[in-house]
Amino acid sequence: MTLGIDNEKRLQILTLGGLISFFSGIILGTIKADEWTEAAWITVMIPLIVSIGIGPIAMHCYFDMTCPRGKSRQFVLIIIYNIAISFIIFVILGSLVLDDYVDISWSIALIPIWYGLIAYFLFICFMLPGLLNPEVNMQRQAFLLFLWFFAFCSFLVMLTFYLDKDSPDSFAVVVIPILIASSIQITVWGISKYKTWNSESPDKLITSEVLIVFILIITEILIILRTAVSSSIPAIVIATPGLIFLLYWIGFSIYEIIFKGAGYETLSNETLN
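Quick note, the sequence shown lines up with residues 1043 to 1315 if you use the working numbering.
No lab work stands behind these hints, which were simulated from the structure alone. All the pointers check out, no bait thrown in.
Distance windows between CB atoms, simulated:
| hint | residue 1 | residue 2 | range |
| --- | --- | --- | --- |
| 1 | Gln1183 | Ile1263 | 20 to 30 Å |
| 2 | His1102 | Ile1263 | 29 to 39 Å |
| 3 | Asn1179 | Cys1109 | 15 to 25 Å |
| 4 | Leu1170 | Thr1079 | 41 to 51 Å |
| 5 | Gln1116 | Asn1179 | 25 to 35 Å |
| 6 | Cys1195 | Ile1254 | 16 to 26 Å |
From the three backbone atoms N, C-alpha and C, an ideal C-beta is built for every residue, glycine too.
Assemble the whole structure, with the sequences as input and the hints as a guide.
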């Protein structure tokens, strides 16, 4: 499908704006976490809130251009908007708790995230029949959707106990479910790649999915090292792998907009996939 150039530009600009906001939010968040600034958390998190808000708008724009009459489009967009709203509410509420503007437990502050997980579970249930269809052959994707759902649930339960000073005592334990899920996904990808490898017409070895998971694993290992081994590791160091990836994505987006104008599909399908 060929997208109108105006619509392509609009989507590219939304994507670029979201990436820059997300990048800025991570930078400011790590600076605040390292206590290099006395700015309030609610102020520091403004770019992150903006990036989360841009996400569903960009997805809405993309669906309007690629499948304006798709039967599942409306439901998927509702899920995306609900997840985005739940994260925005949590970021605002969590920032207010960290700034001591509100006095509530983290179990209450994390309720919006639970709502987002419920929306994600509904999305899985909606997608499951199609993914399990033998003709589609996407059983691996169905397994990974459930894997990450259970990983996030386990992570959220332990995070709630950790933040409310119950147990576990170390944040290194909290991130273990995410580390396990990341490792399983890499293993599943490796097995799948080995089974389908064709030396005569090889696919791309590293996809965006795998690259993001690798970055996630590196970040989790750095978190564990900071928590369990040396607390002197700055938060900015932990965020560096993700920041490098975001910086590359931002640079490529700018290049596409200014020099090529090839459209969002070039970025998402060829470069990041």
